[in-house]
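Those protein sequence lines, which keep their order, are chains A and B.
Using the working numbering, you'd call the opening residue of the first sequence number 1 and step up by one each time.
Using the working numbering, you'd call the opening residue of the second sequence number 551 and step up by one each time.
Accuracy of the hints is not assured; some may be wrong.
As the list claims (entries may be wrong) - Quick list of in silico lysine-lysine cross-link-like pairs, DSSO-like style, CA-CA up to 27 Å: (1) A:Lys90 / B:Lys814; (2) B:Lys745 / A:Lys22; (3) A:Lys22 / B:Lys903; (4) B:Lys903 / A:Lys90; (5) A:Lys90 / B:Lys815; (6) B:Lys744 / A:Lys22; (7) A:Lys22 / B:Lys815; (8) A:Lys90 / B:Lys744.
Claimed, not checked - If you want a taste of the chain A side facing chain B, the calculated C-beta under 8 Å gives, among others: (9) Tyr13; (10) Thr65; (11) Trp527.
Claimed, not checked - Residues of chain B clear of chain A, computed beta-carbon distances all greater than 10 Å: (12) His678; (13) Gly737; (14) Leu752; (15) Asp840; (16) Glu862.
Derived from the structure by calculation, the hints contain no laboratory data.
Glycine included, every Cβ here is placed at the ideal spot set by N, Cα and C.
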Amino acid sequence: MNRFAELLDRLAYEPGRNNKLKLLTAYLRDTEDPDRGYALAALTGALSFKHAKPGLIRDLIMERTDPVLFGFSYDYVGDLSETVALMWPKVALAGHNNPPPPTLTEVVTRLRTLGKTELPTQLARWLDELDETGRWALLKLVTGAMRIGISARLAKTAAAALGEKDPHEIELMWPGLAPPYLDLFAWLEGRAEKPVNRDPAPFRPVMLAHAIEDADFVNLDPADFIAEWKWDGIRVQAVSGRDERGHLQARLYSRTGEDITKSFPDLLPSLHLPGAIDGELLVLRDGRVQTFNVLQQRLNRKVVSPKLIKDYPIHLRAYDLLGDDENDLRELPFEERRAHLESFIKKLADPRIDLSPTVPFADWPALTAARADPAGAGAGLDAEAVEGVMLKRRDAPYLPGRPKGQWWKWKRDPHIIDAVLMYAQRGHGKRSSYYSDYTFGVWTNGDAGDELVPVGKAYFGFTDEELLQIDRFVRRNTTEKFGPVRHVVHEPDQGLVLEVAFEGLQRSPRHKSGVAMRFPRINRLRWDKPPREADRLETLERMLKSVTAN
Amino acid sequence: MAGLGPGTENNAFSGRWKRGSRGAWVAKHRDHTAYIGGMRPQDILMPVAAGLCCKPGGFHIDPVRPVERAIITHGHSDHARAGHGAVLATQETLDMMRLRYGDNFAGSTQAVRYGEEIRLGDIKVKLHPAGHVLGSAQIAVSCKDLCIVASGDYKDARDPTCAPFEIVPCDVFITEATFGLPVFRHGNAADEVKKLLASVALFPERAHLVGAYSLGKAQRVIALLREAGYDAPIYLHGAMEKITRYYESRGIALGDLRPVRGMKKAELAGTITLAPPTATSDIWTRRFLDPVTAFASGWMRVRARARQRGVELPLVISDHADWDGLTATIGLTGAGEVWVTHGQEDALVHWCKTKGLAARPLDLVGYGDEEETEAVLEGEEGGA
């Protein structure tokens, strides 16, 4: 565990990709089986056990330390796991034979079988045996909050480097592998044949698009591309395949390969033909696509009630076919895959699965017009759930990752308003010493003339340099402090105007302003603009009307 | 009672503190008679704007503004300032002040050895090793049978470059609290140095740049590297050459040290360079090829602090006592009362109270964490 903890510790600080790879590869080379396999699983998110809740960890530390001292410490450190790891009291373990700290394998295998009631005692014992870094890594692992800036892809690339293989090969076989990956390492080290994927319904690594910029169009020929609507749902992969006994297995994966089948039992009967569909998960009511806000009610649900299924009917809109029965279609050009997809959907003939239509266009101006007015360009009543257009090269094979120049996404312009910074709050983790969460407001008619009403909160969109500037501004212009929150001066002639970009707007009785923004972020700092010139609530209400009118 | 003030009679120290132009010797407050016998600690030492003041002894400890007479605990710039009338400190602390401020940093100076007793009327002063940096001292101030120890900055951890910390039994212990939170446990510095050497081995093509405070930390890190068997040349930022050479002149062997100035990028691959913390994030670092930025400090225990500074290799090496060190020391001094100065006072005061000790924070301003304040002066770097 300590060796793994050292790796995580070092990775957490290392910004350079190549250096991260070097650290990872060195670890995988120097660590024995099965520890390295479980480490690879931890880094790729392939471990599954019930995660410990923060409340449990808090209880453990409270039994052992002075709550006042814990309070001061947590306030200073800003991260629960780290605080607990650092202040966990040293205990003199009984007897002369102090147990050695647990190995990663012990931790992972024990966590899998551990009953809920046994967890606190086991966790406390491990924490007694480990050092600061070990405790930190253990707590990150058991709470499922690793966040050390390593993508699964990077970890696999590091593993591939062990045997000088192409990481793509590992991606392809990955769904059929299981921790601790003894067969994978044996192959990488030249001790065994390449492992075969025997999963009847495996996940295929997804292909992603680049955001297109105005300058990109110059080099692109409209004739090379097919356009589709970009749906504001969630990207999924629906896979069906026959197992060894010939039974059909169907699974639904998120874009990261997470198995989300259990959350959408209502879709499973529709996946009755072997194949792998790439598409968008949406909620349809009376044949009309609902907004993301509606779909959200179905996401991250542990229990799916019949009422939920009835009120939020799920739907799959297909835009690619990666496999048709036994045939892998990924090497084919997109245009050919699209033809396969069309006949596959026709054969499927299921009301819950339909085809994402293409958007015909002759040249870029025509596509620009379609993007500006999806309702008039074929999206019809579904236009509200369109967040832009996708451009896909006709000859593009299906490549995992984000290959250059193959797929482009061209989102609709975000909505933009100028708002005034009202309150600022300290961030967490890396940002625990910065005021990085901002509540902003717009003007409205109050009892005593114009006043600012909060309309949203944003904590990203700015550069590191801008963060420093805002942080400095907040500290110098605080009017009141409430715990971690500072009231920042917001007068007509004093204050900071933030240009806020957001994707959507909806009515919200929970907010004083009556509106809630989707995906708000700081677009620009308007040091040049006096707060009195910021936008008014009426502007937002107009936007709301125009959205609903669509 | 005559002769209470240190200037009123020709007592043991007056011949040795050279008379300064500021007339340091006339005690301002003569009438302490009433307190003698029933003296309270605050009659002996009390915080004033200039720092910790001993009225009956006529001096301040580590004053932050110019005073007639000052006793200085150690050479860090927030404790050792220029411009006092007379300064009493260890030889090393005086030498460091001279290095930093020039020969005229005080009207007069007097060097004392650890354990040597100085009488200032009814007040007795003794300096004891604080283990913080070379020459650092705790100041024990006694009057009759009441003893107060002002620890300055201290650490109870091992340091091959200075005399080890000594427990001084006392009635009132004035402690720092830089790392006065239970999350700060520094661990073994030798293990951190191993971490640095492991990184040098893993990345032989990269230069390793270690941020370390120029006075004390840098020399300790070098000494620890040598103890770990690293005998390659260690490179120094221009700002730390003078003080490092001074350490060597006091008999501390640091091995092959070279200025980094004038070195070529390629030559620095696989080497270790020490620099003041502020230098590790400025344009000075562009001379290094893809450097691994390390920082040796107790703050490195907290991830957010390390990340804020853009540190890639945090090394938890501190010249201050950690939480366990602070609490153990307080216990061992036997003090019934604890005054807590700069740092995380609240937590340590709370801890003292739970242990049945009288404790209060002492509002002394002007002391900080030396690492946060060290600035590289123009020209110190030697124009390279």
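Hint-by-hint comparison with the structure:
1. A:Lys90 / B:Lys814: 47 Å, violated
2. B:Lys745 / A:Lys22: 16 Å, holds
3. A:Lys22 / B:Lys903: 50 Å, violated
4. B:Lys903 / A:Lys90: 22 Å, holds
5. A:Lys90 / B:Lys815: Violated - the C-alpha atoms of Lys815 (chain B) and Lys90 (chain A) are around 45 Å apart, more than 27 Å.
6. B:Lys744 / A:Lys22: Between Lys744 (chain B) and Lys22 (chain A) the Cα gap is close to 19 Å, so the pair holds against 27 Å.
7. A:Lys22 / B:Lys815: 22 Å, holds
8. A:Lys90 / B:Lys744: Holds - the C-alpha atoms of Lys744 (chain B) and Lys90 (chain A) are around 23 Å apart, at most 27 Å.
9. Tyr13: Interface hint status for Tyr13 (chain A): holds (5 Å vs cutoff 8 Å).
10. Thr65: 7 Å, holds
11. Trp527: Violated, because the Cβ-Cβ distance from Trp527 (chain A) to chain B comes to roughly 24 Å (cut-off 8 Å).
12. His678: His678 (chain B) is indeed farther than 10 Å from all Cβ atoms of chain A, at 28 Å.
13. Gly737: Violated: least Cβ distance 7 Å, not greater than 10 Å.
14. Leu752: The claim is violated: Leu752 (chain B) sits with its nearest Cβ about 6 Å from chain A, within 10 Å.
15. Asp840: 7 Å, violated
16. Glu862: Contrary to the label, Glu862 (chain B) does not stay out of reach of chain A, its closest Cβ about 5 Å off (not over 10 Å).
The structure does not agree with the numbered hints 1, 3, 5, 11, 13, 14, 15 and 16 stated previously, though it agrees with the rest.
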